[in-house]
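Based on the provided sequences and hints, a complete structural model is requested.
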Amino acid sequence: MARAINSSFLVILAKALNIYCFYENNSSPMNNRLHIYEPRIEAGTHQMDVGGLNVPATNTLTALLYGFAHHEDNKAREYYFWRLCDELFNHDELPEPMMVRHPWAEEMVKAVIRNKYVSIGGAASSGKSHTMAAWGILSWLAAPRDTLVLLTSTTLREARKRIWGSVISLLSVIEDAPMKIRDSIGNVAYVNEQGNLIERAGLSLIAAEKSKTREAVGKFIGIKQKRVILIGDELAELSEAILQAGLSNLSKNPSFQLIGMSNPSSRFDAFGIWSEPKNGWDSVDTNIDDTWRTKWGGQYVRFDAERSPNVLAGEVIYPWLPTSEKLAEDKALLGQSSRGYMRMVRAVFFDSDETEGIYSEAELTRSGAMGEVEWSGPPIPIAGLDPAFTNGGDRTILYTGKVGYNQTGQYCVCLEEAIHLNDDATNKAVPRTYQIVRQVKEACQKRKIKPEDLAVDATGAGAPFCDVLAGEWSDQILRVSFGGKASDRRVSAKSKMIGQELYVNRVSELWFVGKEFVRTKQIFGINNDLAQEITGRNYDMLKGSTLRMKIESKPEFKARFGRSPDLADAAFLCVDLARQRHGLVAVDPPDDKSGATPRQRRSIKRLAGVLKTDELLGS
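Under the numbering used here, the first residue of the sequence shown carries the number 1, and numbering increases by one thereafter.
FYI, nobody ran anything at the bench for these hints, they're computed from the structure.
On a predicted model such as this, the values are computed, not experimentally measured, just so you know.
Among the clues, some could well be false.
[Claimed, not checked] Derived DSSO-like pairs (lysine-lysine); straight-line CA-CA distance at most 27 Å: (1) Lys224 / Lys116; (2) Lys110 / Lys210; (3) Lys558 / Lys212; (4) Lys110 / Lys278; (5) Lys295 / Lys252; (6) Lys558 / Lys515; (7) Lys180 / Lys226; (8) Lys161 / Lys326; (9) Lys485 / Lys515; (10) Lys278 / Lys116; (11) Lys116 / Lys75; (12) Lys219 / Lys252; (13) Lys550 / Lys485; (14) Lys496 / Lys485; (15) Lys75 / Lys226; (16) Lys252 / Lys210; (17) Lys278 / Lys295; (18) Lys180 / Lys224; (19) Lys428 / Lys441; (20) Lys485 / Lys446; (21) Lys116 / Lys252; (22) Lys210 / Lys295.
[Claimed, not checked] Computed spacing ranges between beta-carbons, pair by pair: (23) Arg157 / Lys252: 47 to 53 Å; (24) Asp423 / Gln445: 18 to 24 Å; (25) Asp423 / Asn196: 46 to 52 Å.
Cβ atoms here follow ideal geometry from the backbone N, Cα and C, with glycine treated the same way.
As structure tokens, then:
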């Protein structure tokens with residue numbers, strides 16, 4: 001028989017249930033319920049002491065919920081959280097405990113009690129989703145009509161395997177709670193004492209996969225509630241816009257908490273941005289450090305499977321957490337130094353300096369490539385275009401940029417806008433190709449980009465597209481065949497080798513020459529979305545008369561990454577235009593006597609004024 005919550009706990013101060021709290025063996029010093037925070041009836045009165053808070057006498061469960069909601073002492077709130085777990089999820093009437101207290105769960109609970117903003121990075125099977133499901137449920141039950149818990153995941157189907165599945169399983173053992181569970185739509189709504197459904201209170205799942213970002217963000221706008229908790233499960237798989245919406249809109253409510261969780265992947269995805277250390281990534285060692293303060297004023301906590309409670313104990317105490325046996329299997333399957341092992345087992349923000357990765361996250365951040373440029377004179381506007389029907393791509397991207405001299409005297413290129421072009425399928429009068437061509441022409445003319453300063457992928461179906469573009473605008477465009485031979489240009493001023501000697505094909509040259517410009521500090525403006533793509537693509541070394549580099553194919557990349565690298569292809573076309581038409585070559589930077597550095601781009605745009613200093617200090 002499940003443990004019930006009487007709905008009248010909503011008004012305990014006005015309507016005490018007059019059900020007294022008694023203890024078994026309360027004279028025994030060994031009784032684990034004899035604790036300074038444990039609710040107890042004061043002798044000779046009808047008052048109950050809840051860790052120093054006085055309330056009318058009521059039942060134990062209601063008192064624990066009150067203490068959890070109102071106590072200002074963090075240790076007291078920890079105590080009430082775990083006592084509530086025992087009362088609701090671990091009692092003897094259940095076949096087995098549903099919310100076991102273990103060291104990792106304790107650390108998570110401590111973090112969310114003490115911080116407004118929390119980032120939880122953990123190995124697979126570290127209990128992140130389950131523990132935060134319990135946190136969301138108890139936070140709501142403690143003040144049900146005034147609390148809205150929003151849980152984001154990729155899809156409802158996937159969420160049922162993760163945090164939403166935990167929410168439903170934990171709620172299923174609670175009877176008579178003031179709620180209506182609507183699992184089919186991912187919602188648990190508060191039911192008031194009149195039996196009315198209150199949509200703005202309860203727990204609600206929001207599917208926030210990147211293709212549904214606009215819809216998900218729209219659901220955040222206008223939410224008004226006294227307490228709002230946003231829990232972003234698998235945040236690495238979601239859009240950065242989810243953070244923007246949380247910090248810009250939901251934070252305006254009187255009480256707001258944002259918790260982001262994931263297996264660490266990239267420093268440039270939403271979870272990486274949310275986890276960025278206060279003093280930058282160089283201030284921590286993500287292989288060693290388990291916690292740090294974040295730039296948002298919150299706390300990051302990490303759970304490494306190599307230090308799982310089971311591994312440290314040398315025996316299996318908590319079967320659902322990583323074990324030594326599972327660790328050995330992962331090492332054999334993935335390789336101890338692989339990206340997969342570092343992410344899914346060790347929960348490390350991996351510097352992808354591994355042999356198969358072209359770019360590393362560390363080199364992008366340290367080179368200043370993600371900064372902007374102070375030009376010494378008017379730069380030349382340029383662009384690269386990757387049509388969607390070329391090489392299996394799924395997006396048509398026009399990437400704009402500028403080439404010129406910066407204030408240190410270095411000749412460089414700065415990437416600017418990634419413009420997504422879409423055709424209108426309902427327009428039967430104008431063929432798709434012509435629609436895109438006209439958009440390209442209009443976008444370039446608006447930005448004063450000349451046709452000779454536009455590079456286009458002319459591979460496969462790109463060839464007839466270029467013919468239409470030439471006919472509708474100009475034949476001066478630069479046609480680039482990704483599958484063609486590498487060029488006869490030198491890869492840098494220092495090297496005597498030309499592209500054909502180092503690269504299997506043209507597209508490999510485009511990607512790798514960009515790496516030279518990163519090294520020589522001649523490329524800027526790389527944003528988070530672009531960084532994810534360029535650090536995600538792998539390569540091989542092919543033997544012939546010489547060793548030559550070949551990047552993985554688009555289908556291979558798409559199979560691993562979930563989409564084609566269209567942003568990166570368009571960006572590198574823009575860089576190649578600067579090489580071919582404006583003489584950009586990799587040259588070591590001059591000595592900078594001024595000490596000037598490029599202005600750093602904000603990771604999350606348009607957040608000025610959202611997070612106040614007092615908010616950060618108070619978190």
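Here's how the hints hold up against the structure:
no., hint, result
1, Lys224 / Lys116, "holds (18 Å)"
2, Lys110 / Lys210, "violated (31 Å)"
3, Lys558 / Lys212, "holds (19 Å)"
4, Lys110 / Lys278, "holds (20 Å)"
5, Lys295 / Lys252, "holds (19 Å)"
6, Lys558 / Lys515, "holds (21 Å)"
7, Lys180 / Lys226, "holds (21 Å)"
8, Lys161 / Lys326, "holds (20 Å)"
9, Lys485 / Lys515, "holds (19 Å)"
10, Lys278 / Lys116, "holds (15 Å)"
11, Lys116 / Lys75, "holds (16 Å)"
12, Lys219 / Lys252, "holds (15 Å)"
13, Lys550 / Lys485, "holds (12 Å)"
14, Lys496 / Lys485, "holds (18 Å)"
15, Lys75 / Lys226, "holds (24 Å)"
16, Lys252 / Lys210, "holds (24 Å)"
17, Lys278 / Lys295, "holds (4 Å)"
18, Lys180 / Lys224, "holds (20 Å)"
19, Lys428 / Lys441, "holds (21 Å)"
20, Lys485 / Lys446, "violated (33 Å)"
21, Lys116 / Lys252, "holds (13 Å)"
22, Lys210 / Lys295, "holds (24 Å)"
23, Arg157 / Lys252: 47 to 53 Å, "violated (32 Å)"
24, Asp423 / Gln445: 18 to 24 Å, "holds (19 Å)"
25, Asp423 / Asn196: 46 to 52 Å, "holds (48 Å)"
Hints 2, 20 and 23 from the list above are not met by this structure, while the remaining hints are.
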